[in-house]
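Asks: Chains as they are written, first to last, in the working numbering: chain A, 1 to 414; chain B, 1 to 321.
It is worth saying that the hints were derived from the structure and are not from the lab. It is possible that part of the hints are untrue.
To be verified - To give an idea of the interface, some chain A residues facing chain B are shown, with a C-beta separation under 7 Å as derived from the structure:
1) 65
2) 66
3) 73
4) 75
5) 95
6) 98
7) 101
8) 182
9) 184
10) 390
11) 391
12) 408
Claimed, not checked - According to the in silico footprint, chain B covers these stretches of chain A (three or more CB under 8 Å from chain B):
13) 236 to 249
14) 371 to 383
Stated by the list, open to error - Derived DEER-like restraints, expressed as beta-carbon distance ranges:
15) B:109 to A:231: 53 to 63 Å
16) A:51 to B:30: 44 to 54 Å
17) B:149 to A:231: 36 to 46 Å
18) A:27 to B:167: 26 to 36 Å
19) B:36 to A:187: 34 to 44 Å
20) B:36 to A:80: 19 to 29 Å
21) B:149 to A:273: 22 to 32 Å
22) A:80 to B:30: 54 to 64 Å
23) A:217 to B:76: 13 to 23 Å
24) A:274 to B:167: 36 to 46 Å
25) A:327 to B:128: 38 to 48 Å
26) A:80 to B:21: 52 to 62 Å
27) A:280 to B:112: 26 to 36 Å
Positions of the beta carbon are idealized from the N, C-alpha and C atoms, including for glycine.
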Amino acid sequence: MKKVLLLLLALFTVVTLAACGGSGDTELIIFQNKVEIDAILREYADAWGEENGITVTVRSCGGDACAYGDRILTEFQGTDQPDIFVIEGLGGFNDFKDKILPFENQAWMDDTDLGLTVDGVVYGFPVNIEAWGMGYNKDILDAAGINPASLNSLAGYRAAFEKLDSMKAELGLTGVVGMAAGAGMEWVTGLHNFNGYLSAGLDYDDRSVIEDLLAGQPNMDRLGQLADWVELLFQYADQTILLEGTYDSQVGAFKDQKVAFIHQGNWIDPNLLGAPAIDFPVGYAPHASVSGTVDAIFVGAPSYYVINRDGNNTDAANQFLNDLALTQEGHSYMVEKANMVPAFRSVTLPVTAPLSAAANVWAQAGKSWAWFQNDMPSGFGMGEAGPIYFQYAQGNITKEQFVQRLADLIRTLQ
Amino acid sequence: MAQAIKLNPKKKLGKKASERLWFWLFLAPALGAFAIMVWVPFFMGVYFSMTDWTGLNTGRQILIGFENYRTIFTDYRFIYSFSRTVIYSVLNILVINGVAFGLSLLVTQKFKLKNVYRAAFFIPNLIGGLVLGFIWQFIFNNIIAGQVGLQLLERSPLSSSPNDAMFALIAVVTWQYAGYIMMIYIAALQNIPEDLIEASKIDGANAVQRMRAIVLPLVAQAFTVALFLTLVTSFKQFDTVQSLTNSGPATDLPLYIRNLLNITTIPTVSGTSLMAVDIYREAFTRFNMGVGQAKAIVFFAVLLLISITQVYVNKKREVEL
Numbered sequence: 001m002k003k004v005l006l007l008l009l010a011l012f013t014v015v016t017l018a019a020c021g022g023s024g025d026t027e028l029i030i031f032q033n034k035v036e037i038d039a040i041l042r043e044y045a046d047a048w049g050e051e052n053g054i055t056v057t058v059r060s061c062g063g064d065a066c067a068y069g070d071r072i073l074t075e076f077q078g079t080d081q082p083d084i085f086v087i088e089g090l091g092g093f094n095d096f097k098d099k100i101l102p103f104e105n106q107a108w109m110d111d112t113d114l115g116l117t118v119d120g121v122v123y124g125f126p127v128n129i130e131a132w133g134m135g136y137n138k139d140i141l142d143a144a145g146i147n148p149a150s151l152n153s154l155a156g157y158r159a160a161f162e163k164l165d166s167m168k169a170e171l172g173l174t175g176v177v178g179m180a181a182g183a184g185m186e187w188v189t190g191l192h193n194f195n196g197y198l199s200a201g202l203d204y205d206d207r208s209v210i211e212d213l214l215a216g217q218p219n220m221d222r223l224g225q226l227a228d229w230v231e232l233l234f235q236y237a238d239q240t241i242l243l244e245g246t247y248d249s250q251v252g253a254f255k256d257q258k259v260a261f262i263h264q265g266n267w268i269d270p271n272l273l274g275a276p277a278i279d280f281p282v283g284y285a286p287h288a289s290v291s292g293t294v295d296a297i298f299v300g301a302p303s304y305y306v307i308n309r310d311g312n313n314t315d316a317a318n319q320f321l322n323d324l325a326l327t328q329e330g331h332s333y334m335v336e337k338a339n340m341v342p343a344f345r346s347v348t349l350p351v352t353a354p355l356s357a358a359a360n361v362w363a364q365a366g367k368s369w370a371w372f373q374n375d376m377p378s379g380f381g382m383g384e385a386g387p388i389y390f391q392y393a394q395g396n397i398t399k400e401q402f403v404q405r406l407a408d409l410i411r412t413l414q
Numbered sequence: 001m002a003q004a005i006k007l008n009p010k011k012k013l014g015k016k017a018s019e020r021l022w023f024w025l026f027l028a029p030a031l032g033a034f035a036i037m038v039w040v041p042f043f044m045g046v047y048f049s050m051t052d053w054t055g056l057n058t059g060r061q062i063l064i065g066f067e068n069y070r071t072i073f074t075d076y077r078f079i080y081s082f083s084r085t086v087i088y089s090v091l092n093i094l095v096i097n098g099v100a101f102g103l104s105l106l107v108t109q110k111f112k113l114k115n116v117y118r119a120a121f122f123i124p125n126l127i128g129g130l131v132l133g134f135i136w137q138f139i140f141n142n143i144i145a146g147q148v149g150l151q152l153l154e155r156s157p158l159s160s161s162p163n164d165a166m167f168a169l170i171a172v173v174t175w176q177y178a179g180y181i182m183m184i185y186i187a188a189l190q191n192i193p194e195d196l197i198e199a200s201k202i203d204g205a206n207a208v209q210r211m212r213a214i215v216l217p218l219v220a221q222a223f224t225v226a227l228f229l230t231l232v233t234s235f236k237q238f239d240t241v242q243s244l245t246n247s248g249p250a251t252d253l254p255l256y257i258r259n260l261l262n263i264t265t266i267p268t269v270s271g272t273s274l275m276a277v278d279i280y281r282e283a284f285t286r287f288n289m290g291v292g293q294a295k296a297i298v299f300f301a302v303l304l305l306i307s308i309t310q311v312y313v314n315k316k317r318e319v320e321l
């Protein structure tokens, strides 16, 4: 009998020990998706934590190696859930709204217009600003005698593309436009290119087209204009990159001066500056997603820090974000260390990375179109619209069918 | 003596009870582990498939009965994935077993270096599916097709059409898995008694007759195992698809599914979106955990049914020596 009791006791002990996880209560956990700034953020967070007597843990998951969307769900299952995590746009907000604590009376809120606001309540702290347009290689345009200022309408682009196409051999180009539409690159087409339909030519806060989309109402006129633009891009794109290209082959071709234009945002700066760094000047021209004159690029906050409402340290989380937005150390971290374009007015440090600087020029001039691609339902852009772009790039469907299928797709949201 | 006989039954009962206690006590760790690892997750899965869970650990999900199951049987993506998975699995099972059996016949002949060949055919199986997918993606895009390689094909099969992509996938999975299945066949072939073969030779049986009357019946057991393994892995194929084709290329939803579900438009679907991939996307990119879980349960039931049928049918063909 003694033996049995002993055995039961042993079993009980094992179970109890296993059930007890370690738990600390002054620990602030940040879970974020920019792996490239992991070390830099960690360094900043450590310094901040030391000053404030709080242990800050940074966990990063993103890029090709780690699927943020999957991992965040895992993070929520534990007892030490992240206090601050990252969401992307309204789509992300809808997925995670059960977990998000609204911001109230925080000092940073007066310093930016880019916080994520839903029904008048601020839920998200903008991590940074990103932008995309048609990135161009100024040297190649100069060699072909093209003035970037002429790239302000579909006709302007057509003339420039035709001229570059006729000089391909001379300039050593494999194609005019570097753009990828294949499997795995649907974010370029289904999100970034398609955002032209949602916001190009409209005021920054004009949500009419995205709201119609969410209600299942396609705008046939705008879809037609988008299709004209996509047709032109696909016609002059390097076909191998278009159909089979990866992010690396797309950016690589632009870096090697094999294509004159790139359909990517300023997040490719680290790739452009990686050894060997590019030695040609670059700039951004507007997407001709709508007819008439176009004079803006797509500028927005790609992601937001939000506070976990089930977290243990919401006060520390708020303090961390305020200091990030409003202190000298925070500014230096964002601009100088992490090479981000900050979303806050009080930041005065200059932006130096090539495409970020080009994007900043447009943003400062107020020539920006909004990002609504993340306001579409999860999986809509990449999983549904992207494959239709690919069908069109393949030549499986005509321009009319391309428009028709996008319209049908939007109607499924009714 | 009489006293002892009187006492014995009582003692025996006590012993039995304590034996039973010890029996369960010794079983408890294994049983507990099994329950925690298998039963609990399975029944939680069934529970979540009946909720509107989105994957957030909020505890605020609500029970919605069989709504998710209703959703998936009208979901064209699921129906399409199912049809593609069936086509893929049938082809894959035939090709892998054909190749594996062929290879095993070759490397059981008497010739030099046969062990080297056995190892060489087996080694691809040791490479992880994800890595393998990326390697073969490079080979298809840049060596078989592409501007610098052998240019055997004009377009990379991974992006030219859904069927090409599926054939490419089958080729890669066969390359990876046939060596493993080959090992099972080798073991079976080596168990065939030499004297049976010899006797048949003396009786004047030719190679085809020997194969039909002796070899095939005697390796039937191996066929049961190999077919089961290939069936299950084909249906559950995930990692290699994810990295090789990323479930692409895009194509129109076939007419028969549109007619089946009464869809008047032409939705676009991904040509190699097999069931495991479709379930993953439902759960992790569309965040419909409940629906994804329901798909997984249906998937489980279908796979269980098919594999039991397969084993039953195969078992009937087995012979004992």
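Asks: State for each hint whether it applies.
Replies: Tested hints:
1. Interface hint status for residue 65 (chain A): violated, as the beta-carbon distance to the closest one in chain B is roughly 11 Å, over 7 Å.
2. Contact between residue 66 (chain A) and chain B, as hinted, is not supported at the beta carbon level, the nearest pair being about 13 Å apart and thus beyond 7 Å.
3. Annotation: residue 73 (chain A) was flagged as interfacial toward chain B, and the flag holds, the nearest CB pair being 4 Å apart, inside 7 Å.
4. At about 9 Å, the closest approach between the beta carbon of residue 75 (chain A) and any beta carbon in chain B exceeds 7 Å, and the interface hint on this residue is violated.
5. A hinted interface residue such as residue 95 (chain A) counts as satisfied when its beta carbon comes closer than 7 Å to some beta carbon of chain B; here the least separation is about 5 Å, so the hint holds.
6. Hint status for residue 98 (chain A) relative to chain B: holds, with the closest Cβ pair at about 5 Å, below 7 Å.
7. Hint status for residue 101 (chain A) relative to chain B: violated, with the closest Cβ pair at about 13 Å, above 7 Å.
8. The interface hint given for residue 182 (chain A) is met, as the beta carbon of that residue sits about 5 Å from the closest beta carbon of chain B, less than 7 Å.
9. For residue 184 (chain A), the interface hint holds, the least distance from its beta-carbon to any beta-carbon of chain B being 4 Å, beneath 7 Å.
10. Interface restraint check: residue 390 (chain A) against chain B, minimum CB-CB distance 4 Å, threshold 7 Å, status holds.
11. Annotation: residue 391 (chain A) was flagged as interfacial toward chain B, and the flag holds, the nearest CB pair being 5 Å apart, inside 7 Å.
12. Given hint, residue 408 (chain A) at the interface with chain B, holds; its Cβ is 4 Å from that chain's nearest Cβ, closer than 7 Å.
13. Judged by the Cβ-Cβ criterion of 8 Å, the stretch 236 to 249 of chain A is covered by chain B as claimed, because 3 of its residues qualify and three suffice.
14. Here the stretch 371 to 383 of chain A counts 5 residues with a CB under 8 Å from a CB of chain B, which clears the bar of 3, and the coverage holds.
15. The beta-carbon spacing between residue 109 (chain B) and residue 231 (chain A), approximately 59 Å, falls within the hinted interval of 53 to 63 Å.
16. Residue 51 (chain A) and residue 30 (chain B) have their C-beta atoms about 52 Å apart, which keeps the hinted 44 to 54 Å range intact.
17. Distance hint check for residue 149 (chain B) and residue 231 (chain A): the Cβ-Cβ separation is about 30 Å, which falls outside the suggested range of 36 to 46 Å.
18. Checked against the hint of 26 to 36 Å, the C-beta distance between residue 27 (chain A) and residue 167 (chain B) comes to roughly 52 Å, which is inconsistent with it.
19. Hint check: residue 36 (chain B) to residue 187 (chain A), Cβ distance near 39 Å, so the stated range 34 to 44 Å holds.
20. With their beta carbons about 21 Å apart, residue 36 (chain B) and residue 80 (chain A) fall inside the hinted range of 19 to 29 Å.
21. Taken as a hint, the range 22 to 32 Å holds for the pair residue 149 (chain B) and residue 273 (chain A), whose Cβ atoms sit roughly 31 Å apart.
22. In this structure the supplied range 54 to 64 Å is violated for residue 80 (chain A) paired with residue 30 (chain B), their Cβ-Cβ distance being about 31 Å.
23. About 22 Å separates the C-beta atoms of residue 217 (chain A) and residue 76 (chain B), a value consistent with the hinted range of 13 to 23 Å.
24. Between residue 274 (chain A) and residue 167 (chain B) the Cβ separation comes to about 37 Å, which falls inside the hinted range of 36 to 46 Å.
25. The beta-carbon spacing between residue 327 (chain A) and residue 128 (chain B), approximately 45 Å, falls within the hinted interval of 38 to 48 Å.
26. In this structure the hint that residue 80 (chain A) and residue 21 (chain B) lie 52 to 62 Å apart at CB is violated, the actual value being about 40 Å.
27. For the pair residue 280 (chain A) and residue 112 (chain B), the beta carbons lie near 60 Å from each other, so the given range of 26 to 36 Å is not met.
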